[in-house]
Amino acid sequence: GAGVSQSPRYKVAKRGQDVALRCDPISGHVSLFWYQQALGQGPEFLTYFQNEAQLDKSGLPSDRFFAERPEGSVSTLKIQRTQQEDSAVYLCASGYTFGSGTRLTVV
Amino acid sequence: QKEVEQNSGPLSVPEGAIASLNCTYSDRGSQSFFWYRQYSGKSPELIMFIYSNGDKEDGRFTAQLNKASQYVSLLIRDSQPSDSATYLCASGRGDFGNEKLTFGTGTRLTIIP
Numbered sequence: 001g002a003g004v005s006q007s008p009r010y011k012v013a014k015r016g017q018d019v020a021l022r023c024d025p026i027s028g029h030v031s032l033f034w035y036q037q038a039l040g041q042g043p044e045f046l047t048y049f050q051n052e053a054q055l056d057k058s059g060l061p062s063d064r065f066f067a068e069r070p071e072g073s074v075s076t077l078k079i080q081r082t083q084q085e086d087s088a089v090y091l092c093a094s095g096y097t098f099g100s101g102t103r104l105t106v107v
Numbered sequence: 001q002k003e004v005e006q007n008s009g010p011l012s013v014p015e016g017a018i019a020s021l022n023c024t025y026s027d028r029g030s031q032s033f034f035w036y037r038q039y040s041g042k043s044p045e046l047i048m049f050i051y052s053n054g055d056k057e058d059g060r061f062t063a064q065l066n067k068a069s070q071y072v073s074l075l076i077r078d079s080q081p082s083d084s085a086t087y088l089c090a091s092g093r094g095d096f097g098n099e100k101l102t103f104g105t106g107t108r109l110t111i112i113p
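Listed in order, the protein sequences are those of chains A and B. 1 is the number of the first residue of the first sequence in our numbering; add one for each residue after it. 1 is the number of the first residue of the second sequence in our numbering; add one for each residue after it.
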């Protein structure tokens, strides 16, 4: 597509629930990034893919966070056993272009 | 100390004046610098990037980089109410298109009509 598409736009999860966030990057873009943006803060790097290879996952805050991009296009960020501190906006970027984000609220 | 520091503001500037946004960084390995604009409830939008010392102009926007002082700034001339937003400064290692960015916390700018 012409831009970066993320879904869902909003997600409310009960604490302990697993969630999956989807990113559809700009068509043909090799690089894909996930960032987490807490309220009042700048985005913080989570992980980076080049095609299907996850080259950097140093920003993932715990082993409850997992990301994949199996065919080198669409990517999914999965958070297991969500906690309240996971509440944030999760942004996907194709190069330097961000998607509209998924706002996750854990209650 | 955060790697990228910005004054959180808010910064209030009269319409038509010059808004000056500043950013410092601590990682001397940083090679690329970016300014993003983020409206409330929206995602960051890239305004400008700069790699070389000096000034880079694009319309009403000028980015300035001083690597010796580890300082980046963004000037907005003829400020408009639509420029009211949070401005995020970010740094990267220079691998164009394939670099993770380190962001500051952002400066909230309000243009007063």
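One or more hints might be untrue.
[To be verified] Here are the simulated DSSO-like cross-link-like pairs (lysine-lysine), alpha carbons at most 30 Å apart as the crow flies:
| no. | chain 1 | residue 1 | chain 2 | residue 2 |
| --- | --- | --- | --- | --- |
| 1 | B | Lys2 | A | Lys78 |
| 2 | A | Lys14 | A | Lys57 |
| 3 | B | Lys42 | B | Lys2 |
| 4 | B | Lys42 | A | Lys57 |
| 5 | A | Lys11 | B | Lys67 |
| 6 | A | Lys11 | A | Lys78 |
| 7 | A | Lys57 | B | Lys67 |
| 8 | B | Lys56 | B | Lys42 |
| 9 | B | Lys2 | B | Lys56 |
| 10 | A | Lys57 | A | Lys11 |
| 11 | B | Lys56 | B | Lys67 |
| 12 | A | Lys14 | B | Lys56 |
| 13 | B | Lys56 | A | Lys78 |
| 14 | B | Lys42 | A | Lys14 |
| 15 | B | Lys2 | B | Lys67 |
| 16 | A | Lys14 | A | Lys78 |
For the record, the hints were derived by calculation from the structure and aren't laboratory data.
For each hint, the structure was consulted:
no. : hint              : in the structure
1   : B/Lys2 x A/Lys78  : holds (27 Å)
2   : A/Lys14 x A/Lys57 : holds (26 Å)
3   : B/Lys42 x B/Lys2  : holds (24 Å)
4   : B/Lys42 x A/Lys57 : holds (25 Å)
5   : A/Lys11 x B/Lys67 : violated (41 Å)
6   : A/Lys11 x A/Lys78 : holds (13 Å)
7   : A/Lys57 x B/Lys67 : holds (28 Å)
8   : B/Lys56 x B/Lys42 : holds (26 Å)
9   : B/Lys2 x B/Lys56  : holds (25 Å)
10  : A/Lys57 x A/Lys11 : holds (23 Å)
11  : B/Lys56 x B/Lys67 : holds (14 Å)
12  : A/Lys14 x B/Lys56 : violated (47 Å)
13  : B/Lys56 x A/Lys78 : violated (40 Å)
14  : B/Lys42 x A/Lys14 : holds (24 Å)
15  : B/Lys2 x B/Lys67  : holds (17 Å)
16  : A/Lys14 x A/Lys78 : holds (15 Å)
The structure fails hints 5, 12 and 13 (numbered hints given earlier, in ascending order).
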